[in-house]
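Given the sequences, and given the hints that come with them, work out the whole structure.
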Amino acid sequence: MEEYDFIIIGAGSAGLPAAVYAARFRLKTLVIGEVVGGTIINTHIVENWPGVVSATGWDLMETLKKHVDANNVPVLDEKVLSVERKGPLNFIVKTSDKSFKAKTVLFATGTERKKLNVPGEKEFENKGVSYCAVCDGALFKNKEVAVIGGSDSAAKEALFLAEHASKVYIIHRGDKIRPEPINGERVKNNKKIELMLKKNVKEIFGDKMVKGVKFVEGGELKVEGVFVEIGANPNSGLAAKLGVKLNEKNEIIIDHESKTNIEGIFAAGDVADRHFKQAITGAAEGVIAAFSAYECINKNCAMEQQ
Amino acid sequence: MAAEKSTVLIYSTPTCVYCKMAKKFFAENGVEYKEFNVADDYEKAVEMIKKSGQQGVPVIDIGGKIIVGFDKNAIKEALGLN
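Read top to bottom, the protein sequences are chains A and B.
Numbering-wise (the numbering used here), the first sequence opens with residue 2 and increments by one.
Numbering-wise (the numbering used here), the second sequence opens with residue 1256 and increments by one.
Calculated from the structure, these hints are not laboratory results.
Where hints are given, some of them may not hold.
[Unchecked claim] Mimicking SDA-like on lysine to any residue, the simulated pairs with C-alpha atoms at most 25 Å apart in a straight line are:
| # | chain 1 | residue 1 | chain 2 | residue 2 |
| --- | --- | --- | --- | --- |
| 1 | A | Lys142 | B | Glu1290 |
| 2 | B | Lys1260 | B | Tyr1273 |
| 3 | A | Lys99 | A | Asn236 |
| 4 | B | Lys1275 | A | Glu48 |
| 5 | A | Lys80 | B | Met1276 |
Here it is as structure tokens:
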């Protein structure tokens, strides 16, 4: 069985920076991730990664991947099926066809998008219902579409869609949306975007393709595209099975050193319990985890008392 | 390599990352393909929806076998790679 000092699960904006640092600490490191680049590759434009004024999420992560390659850290694009603890600093990480031994493990597993769970959502997936404006938005040229959600991501999706669609409705259950103020201004100034607040979607309807949405509050809105952007759930299932402590949102609880309650297990990025989740904060947590793994292997491992 | 080469078509949009991943995969495996940008080409967009019964991209047509999304295993199987 191949043996590593540090196995990073997840190849996004937390996992890849961790790999760069781990290589510099001369830890024998392996990255295993289902989607190289992580969720940010579906972000059209990233403008808040310091040092890069503006880049697509895809290009930014290509650059980061090159940085990892330059440090000769292997990246496997596979799904991790289990992580088991065999003893102190002795873990087994399994994919569908391989097992690896690791002294330390970083969960940089990110999140999975939430679904609305209303009638019509599944039926019309890719038939008007989409979870990726950057992928599918261009197909809605001169059509009316809706974004469901009130986050910064929802606002950015609406701004991207407004480049193609004739009209973009942001449907949100709350009484105001909460984008980064800069994106809030852009939404406000975009004549194609209209807010529909205090509205809950109860159904997506159509025939072959989507025709519109119906509201709990009554009434309906005719649109040909529905983009669901209502947040995400942390991918913390594998960590939980190992006995890693989660908070009430199922996020992995970490300390200032990116340590979890289990010696040798770390977490970073969107799966961890930081309130303000950004690519750059995830990168920082990943980098700190690499240093903690280095110290853990060479000195001690205990989580700081809080 | 006795197997006959299938014609590979990919229906994509310029910003779709799974399309980029699929094209990268083709390039790495020396697979030639023809690409249609359905964001600009309305006729091809209609053709794609007709072929796949849906409008998510990418749609990949390998010798008549339709694959929706970047499903690496399905692509490998259709191409006879492994």
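How the hints compare with the structure:
1. A:Lys142 - B:Glu1290: Measuring from Cα to Cα gives roughly 20 Å; hence the hint holds.
2. B:Lys1260 - B:Tyr1273: holds (23 Å)
3. A:Lys99 - A:Asn236: holds (21 Å)
4. B:Lys1275 - A:Glu48: holds (21 Å)
5. A:Lys80 - B:Met1276: Holds, at about 17 Å.
In summary, the structure agrees with every hint in the numbered list given earlier.
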